[in-house]
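Q: Protein chains in written order, with my numbering: chain A, 33 to 492; chain B, 33 to 492.
Some clues are possibly wrong.
[Claimed, not checked] Residues from chain B that face chain A, not an exhaustive set, calculated with beta carbons under 8 Å: (1) Asn-144; (2) Cys-284; (3) Asn-335; (4) Gly-386.
These aren't lab readings, by the way, just hints derived from the structure by calculation.
All residues carry an ideal CB built from backbone N, CA and C; glycine is no exception.
2 protein chains.
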Amino acid sequence: MAPNDLMQRLQASAGQFEEDLKEWLRIPSISSDPARIQETHAAGQWVAEKLRGGGLAVEMIETAGHPLIFASTPPVPGAPIALVYGHYDVQPVEPLDQWISGPFDPQVRDGNIYARGATDDKGQVLTHIESVLAWLATGEPLPIQIKFLIEGEEEVGSANLENLLASMAERLACDVVVISDSSQYAAGQPAITYGLRGIATFQVRIDGPKQDLHSGSFGGAVTNPAIALCQMISAAIDANGQVQIPGFYDACRPLSDLERGQLAELPGTDAEFAASIGVPALGGDQRFTALERRWSRPTFEVNGLTSGHQGDGVKTIVPATASAKISFRLVPDQDPQQISDAFEAFFNQVLPAGVRLTFTRDHAAPGMLSRLDSPFMTAASQAIEQAFGTAPVMIREGGSIPIVTQFQQVLDADCLLLGWGLNDDNAHSPNEKFCLADFHKGIAASACLWAEIGKVSKSS
Amino acid sequence: MAPNDLMQRLQASAGQFEEDLKEWLRIPSISSDPARIQETHAAGQWVAEKLRGGGLAVEMIETAGHPLIFASTPPVPGAPIALVYGHYDVQPVEPLDQWISGPFDPQVRDGNIYARGATDDKGQVLTHIESVLAWLATGEPLPIQIKFLIEGEEEVGSANLENLLASMAERLACDVVVISDSSQYAAGQPAITYGLRGIATFQVRIDGPKQDLHSGSFGGAVTNPAIALCQMISAAIDANGQVQIPGFYDACRPLSDLERGQLAELPGTDAEFAASIGVPALGGDQRFTALERRWSRPTFEVNGLTSGHQGDGVKTIVPATASAKISFRLVPDQDPQQISDAFEAFFNQVLPAGVRLTFTRDHAAPGMLSRLDSPFMTAASQAIEQAFGTAPVMIREGGSIPIVTQFQQVLDADCLLLGWGLNDDNAHSPNEKFCLADFHKGIAASACLWAEIGKVSKSS
């Protein structure tokens with residue numbers, strides 16, 4: 033438990049925390065926009081100055097792109113080390129005309145602060161910075177060493193950080209990684225995300241005749257690339273949503289009874305979920321619940337199809353080519369490389385005569401599962417309950433955050449994904465927001481977290 | 033046999049025939065181009081004047097679009113009546129920079145005349161006009177009555193002619209329809225086309241979630257419309273090219289042994305055909321030869337696919353929608369309406385749960401087969417052999433010419449498709465051409481045709 037006077041200090045500083053957040057949000061750090069290179073850099077400078085002003089040792093580490101901000105509190109011998117990861121860059125803001133207030137003019141309405149980056153990720157990572165600075169300002173020593181790694185390229189793929197990570201392993205050495213860049217399960221129901229799915233993405237192209245052919249003069253004697261592609265995709269996944277690629281499911285770690293029970297207890301029905309996305313019925317492998325399918329089972333998805341005539345009306349051709357964007361979500365312990373090999377072999381096997389296959393692999397990353405019995409998980413759960421007044425539920429997330437898996441692998445550390453946001457925060461959309469009450473609860477939970485981690489013995 | 037002095041007259045007039053053709057080709061009668069309405073009309077006027085100048089009774093019949101030219105020689109009691117159909121409109125000329133000489137500046141190179149409309153169809157229909165005018169100029173009576181119907185909207189679908197056809201049945205009454213708007217089997221090998229495939233076209237749309245969904249957060253619990261579409265298409269046609277729609281093949285008239293034998297004797301190998309279109313192997317139902325598949329078997333083709341992300345790179349979504357353009361080629365005696373009904377019922381039956389189907393029918397027309405034992409077929413064969421020095425082969429064509437089926441139905445007349453062109457004439461492409469030697473042989477064959485048809489008794 034953090035000292036009582038720290039909690040009082042957090043309450044007294046609430047206004048200042050909001051002013052800090054607004055100041056940071058005003059900097060339009062759109063990392064994908066070449067016209068915003070200086071502003072993105074400035075957002076990094078802002079957080080570096082903030083940390084330095086609080087007494088931390090800060091380095092700006094240059095990369096091929098936007099710099100990394102690394103900062104650290106003093107070592108605490110015998111205590112665990114926590115690494116806070118976050119990012120100071122934000123998504124683009126188009127379509128601008130859909131914003132009620134300007135994306136870089138933070139405004140408070142109905143208890144929410146509206147601005148690009150409010151929840152993703154400036155508002156969330158700032159909770160940890162404020163908790164540490166507030167703690168240091170009490171004069172009491174922090175119970176653990178806390179490091180910060182705040183990057184400026186999360187929204188453009190983190191390629192430069194990924195490349196540098198192994199070389200920074202010693203500097204980043206830690207026992208637990210703390211990331212607040214996700215959501216609670218629902219308003220009033222905080223959550224810890226202990227699992228992420230991995231990903232593997234592909235582009236597939238089927239080439240037939242050297243040019244589009246007249247379907248009357250040639251049709252019937254030529255393998256149609258569009259039909260061939262449909263047949264190959266259909267061979268890969270059956271009507272029950274079962275992927276037919278040999279070995280695809282072999283390495284999937286099954287859900288434990290504990291996990292199935294936890295998922296079953298989460299509020300929300302399939303009918304509500306179907307209605308929220310506008311479908312007449314849900315799809316997929318009916319041996320699993322919808323939540324189990326979204327969080328713990330791998331998928332085969334077609335993300336795009338392109339072939340032949342796409343305009344109005346009719347054009348009676350055998351198209352020369354057809355292509356698909358395909359992606360898998362993977363789960364522990366599926367190996368992306370092995371699964372990609374199996375997929376490529378399968379598609380070569382089911383390729384009809386008369387057409388050629390070009391199979392291109394894009395990016396891939398494995399899934400992630402934190403140990404539910406990790407003492408850091410317990411520490412986080414208690415810290416959240418202390419600050420939010422409600423114990424967090426343990427959830428997984430169907431999406432993929434490749435850098436998290438890399439942290440686990442390179443740093444051999446547990447990862448705590450502690451989202452203070454909400455699913456309707458409009459991250460990546462117009463009118464991004466963050467609930468200010470959750471911002472302050474997040475700061476308190478962070479302060480409590482350092483105390484709870486301090487109780488974990490270094491050897492666990 | 034046409035009178036000897038007619039053949040001499042045709043030879044003497046060869047230069048004039050070419051001048052006539054060039055004059056007509058210089059009129060840019062692009063029926064699809066609103067800027068060319070007057071020129072298209074002028075090309076109709078040109079042929080009307082040509083026929084009137086030769087002594088025929090000519091009418092220009094106004095339509096909602098470009099006018100029909102109708103002309104007739106005097107009735108010959110007791111003799112059959114022939115109706116020549118053709119068109120004075122031409123295809124667009126883009127890309128202009130690929131033409132060696134201007135599309136409306138006819139030039140002769142290597143024995144070919146190059147211009148838009150040279151083979152499709154001004155050059156070909158003019159053979160019949162010149163033969164009739166030359167015959168009339170001898171002072172000898174024509175052995176049969178010959179009518180001409182030359183339209184200006186063939187390249188835009190003949191909709192106005194189709195609408196008027198039934199009301200013109202009496203005026204167009206005939207025993208045989210003669211159309212030269214196709215090709216010989218190969219250079220030096222004339223052909224009579226006695227069969228055409230029909231067509232039915234569709235647009236199919238599969239709708240899933242109300243918007244594209246994040247494939248991580250939602251994938252696995254939602255039916256993917258792109259996958260659903262692939263599975264439905266794959267259910268409709270198997271790996272052997274066999275269409276799986278119930279009843280699809282029931283009404284297909286089988287090839288007679290005579291026809292199979294005729295097709296088997298045509299020159300050309302499957303390997304040459306595959307090489308010409310650039311495929312590693314041919315496709316389709318291997319119980320039939322490639323020519324049999326192209327000319328006498330129905331097809332299921334996907335003409336276009338559209339879904340989700342089509343740009344560069346990766347976008348990991350479950351797309352909200354997927355759509356396909358699908359068309360069949362049909363053969364006698366498949367009924368387009370019945371086949372379309374069966375297809376719609378089948379697609380509704382194989383529609384996966386969780387998505388919605390919008391099934392739209394476009395146009396449809398049945399296939400056509402002329403009687404191989406028709407005396408007019410024999411007459412045409414003899415006329416062609418007399419003029420070309422080679423007996424024609426009997427071929428079918430995989431494409432569809434809906435107006436031909438309508439002539440058969442409305443006029444209850446045999447159809448003779450006598451193509452003087454070649455497959456490499458670049459109809460619809462830059463550098464359209466027509467071999468001048470074939471132009472003159474076509475005029476001679478046409479003159480012989482009137483004589484041969486005159487020998488056919490009216491009752492046959």
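Q: Take the hints in turn and mark each one as holding or not.
A: Hints versus structure:
Interface restraint check for Asn-144 (chain B): the shortest CB-CB distance to chain A comes to about 21 Å, outside 8 Å, so the restraint is violated. The beta carbon of Cys-284 (chain B) comes no nearer than 12 Å to any beta carbon in chain A, farther than 8 Å, and the hint placing it at the interface is violated. A hinted interface residue such as Asn-335 (chain B) counts as satisfied when its beta carbon comes closer than 8 Å to some beta carbon of chain A; here the least separation is about 5 Å, so the hint holds. Contact between Gly-386 (chain B) and chain A, as hinted, is supported at the beta carbon level, the nearest pair being about 4 Å apart and thus within 8 Å.
The structure is inconsistent with the numbered hints 1, 2, although it conforms to all the rest.
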